[in-house]
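Trainee: From first to last, the protein sequence lines stand for chains A and B.
Numbering-wise (the numbering used here), the first sequence opens with residue 1 and increments by one.
Numbering-wise (the numbering used here), the second sequence opens with residue 1001 and increments by one.
I should point out that these hints are in silico values taken from the structure, not numbers from a laboratory.
Check the hints yourself; a few may be wrong.
[What the hints assert, rightly or not] Result set (DSSO-like, lysine-lysine): computed pairs, CA atoms no more than 27 Å apart in a straight line: (1) A/Lys77 - B/Lys1280; (2) B/Lys1183 - A/Lys104; (3) B/Lys1057 - B/Lys1095; (4) B/Lys1062 - B/Lys1176; (5) B/Lys1226 - B/Lys1268; (6) A/Lys77 - B/Lys1171; (7) B/Lys1080 - B/Lys1151; (8) A/Lys104 - B/Lys1176; (9) B/Lys1039 - B/Lys1080; (10) B/Lys1268 - B/Lys1095; (11) A/Lys77 - B/Lys1016; (12) B/Lys1039 - B/Lys1057; (13) A/Lys104 - B/Lys1171; (14) B/Lys1057 - B/Lys1080; (15) B/Lys1095 - B/Lys1062; (16) B/Lys1025 - B/Lys1062; (17) B/Lys1152 - A/Lys104; (18) B/Lys1016 - B/Lys1171; (19) B/Lys1124 - B/Lys1095; (20) B/Lys1176 - B/Lys1129; (21) B/Lys1171 - B/Lys1014.
The residues making up each chain are set out below.
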Amino acid sequence: MPSCLVVDDSRVVRKVARRIVEDLGFACEEAEDGQKAYEYCAKTMPDAILLDWNMPVMSGIEFLEKLRQMPNGNGPKVIFCTTENDLAHIQRAMNAGANEYIMKPFDSEIIESKFSQIGLL
Amino acid sequence: MRISDFDLYQALLKEKSGLTLTPDKSYLLDSRLTPVARKHGFATLESMSTALRGIPKPELVKDIIEAMTTNETSFFRDMKPFEQFREITLPHLLKARSSLKRVRIWCAASSTGQEPYSLAMLLKEEGAKLAGWNFEIVATDISTEVLETAKKGEYSQFEVQRGLPIQMLMKYFEQKGDRWALKNEIKSMVTYKYFNLLDPMAPLGRFDVIFCRNVLIYFDREMKKKIMENMTTLMPDDGFLFLGGAETVLGITDAFKLMENTRGVYIKPACTTIAPVQVKTA
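Just need the whole structure built from these sequences, with the hints factored in.
Mentor: The following block contains the structure:
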């Protein structure tokens, strides 16, 4: 079963996202900030990461930049999922190595569509 | 809604647009027609129905047809047809039309424009390969309201996230507040026209490709047959018809046959010039 790490400081968002990605056939793990996600990836590299931007301790973009430097860090498909909805943020995320970008609010259809576009489904 | 009123709308839709309203869709009448009744000053749906039994204003009839036509769509909806267009249709046409360098595509129920614009973006992505070619996309719909939306080419954040890869959003759209507007380079590739699929099709001209997806399901068998047989007269021997995933020509008409190893791609039975599609092996 493929795995997905949901990184978001909102417990509610993590819960909603978990339900959606599990319905898509992924085993789901959660992290509440970039630092926790980084520690998780150092132990186990997931197949997909659904990543918020603004989080305490370590932001999503900082995490992504560090992830892509890690051994096997290019493996996971990273989908930003954030309220930052301007072109400058999207451009920055894609330059840092994101594979897709979701602007909140999201629903199951959007997540499924994005996962499918980048070959996760 | 009263049964007699349901019958009234069913007959009206059938006569004016060819659409078949089955009893299981009766719930749609209340939700979609209440705003129409309000717009035209009727206190209830019943009073609008009474007016329809007299000599109704053409504007009222037009608004009812618009409200009842389904406009479910998204960019690159179902993806597969677009992949097949790129991998099967396009290579054939680039070879077969290499002297004319002209291809005409018809999106036969274009709704708010996502399908024709998806095709336009797909063609743009081909880049230099299509230099010197003239691809004309004609998009039609029975609803003038959705045609206006389509022409504008502006979409909500929600709409641009359904099916559209982020790279295409970055490349072909501009942000306008909380809306996303298609750039002119894409908008200018599509021509919109009002068209009722039951009207004579000849004035639209010839088409190498017709997209008619998820439309025929709303017509009865006879209407489907008539529409597809009219379409075949617009197409050259090596034309392509794209139908929706739940649609078929089987038992309806012999004017088209499903291309082997494709999903929803139809060609004329006598066509011998289109190369068969091989099954991809892992």
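Trainee: For each hint, tell me whether it holds in the structure or not.
Mentor: Hints versus structure:
1. A/Lys77 - B/Lys1280: Satisfied, since the Cα-Cα distance of roughly 25 Å is no more than 27 Å.
2. B/Lys1183 - A/Lys104: The hint holds at about 23 Å.
3. B/Lys1057 - B/Lys1095: 51 Å, violated
4. B/Lys1062 - B/Lys1176: Cα-Cα ~32 Å, so violated.
5. B/Lys1226 - B/Lys1268: 16 Å, holds
6. A/Lys77 - B/Lys1171: 21 Å, holds
7. B/Lys1080 - B/Lys1151: Distance ~25 Å between B/Lys1080 and B/Lys1151 Cα, so the pair holds.
8. A/Lys104 - B/Lys1176: OK: A/Lys104 and B/Lys1176 at ~17 Å, within 27 Å.
9. B/Lys1039 - B/Lys1080: Violated: B/Lys1039 and B/Lys1080 sit about 40 Å apart, past 27 Å.
10. B/Lys1268 - B/Lys1095: With Cα atoms ~18 Å apart, B/Lys1268 and B/Lys1095 stay inside 27 Å; holds.
11. A/Lys77 - B/Lys1016: Distance of about 50 Å is beyond 27 Å: violated.
12. B/Lys1039 - B/Lys1057: 13 Å, holds
13. A/Lys104 - B/Lys1171: 20 Å, holds
14. B/Lys1057 - B/Lys1080: Given that 27 Å is the threshold and the Cα spacing comes to 43 Å, the pair is violated.
15. B/Lys1095 - B/Lys1062: 43 Å, violated
16. B/Lys1025 - B/Lys1062: Distance of about 19 Å is within 27 Å: holds.
17. B/Lys1152 - A/Lys104: Distance ~24 Å between B/Lys1152 and A/Lys104 Cα, so the pair holds.
18. B/Lys1016 - B/Lys1171: 41 Å, violated
19. B/Lys1124 - B/Lys1095: 18 Å, holds
20. B/Lys1176 - B/Lys1129: 32 Å, violated
21. B/Lys1171 - B/Lys1014: Violated. B/Lys1171 to B/Lys1014 sits at ~42 Å, over the 27 Å cutoff.
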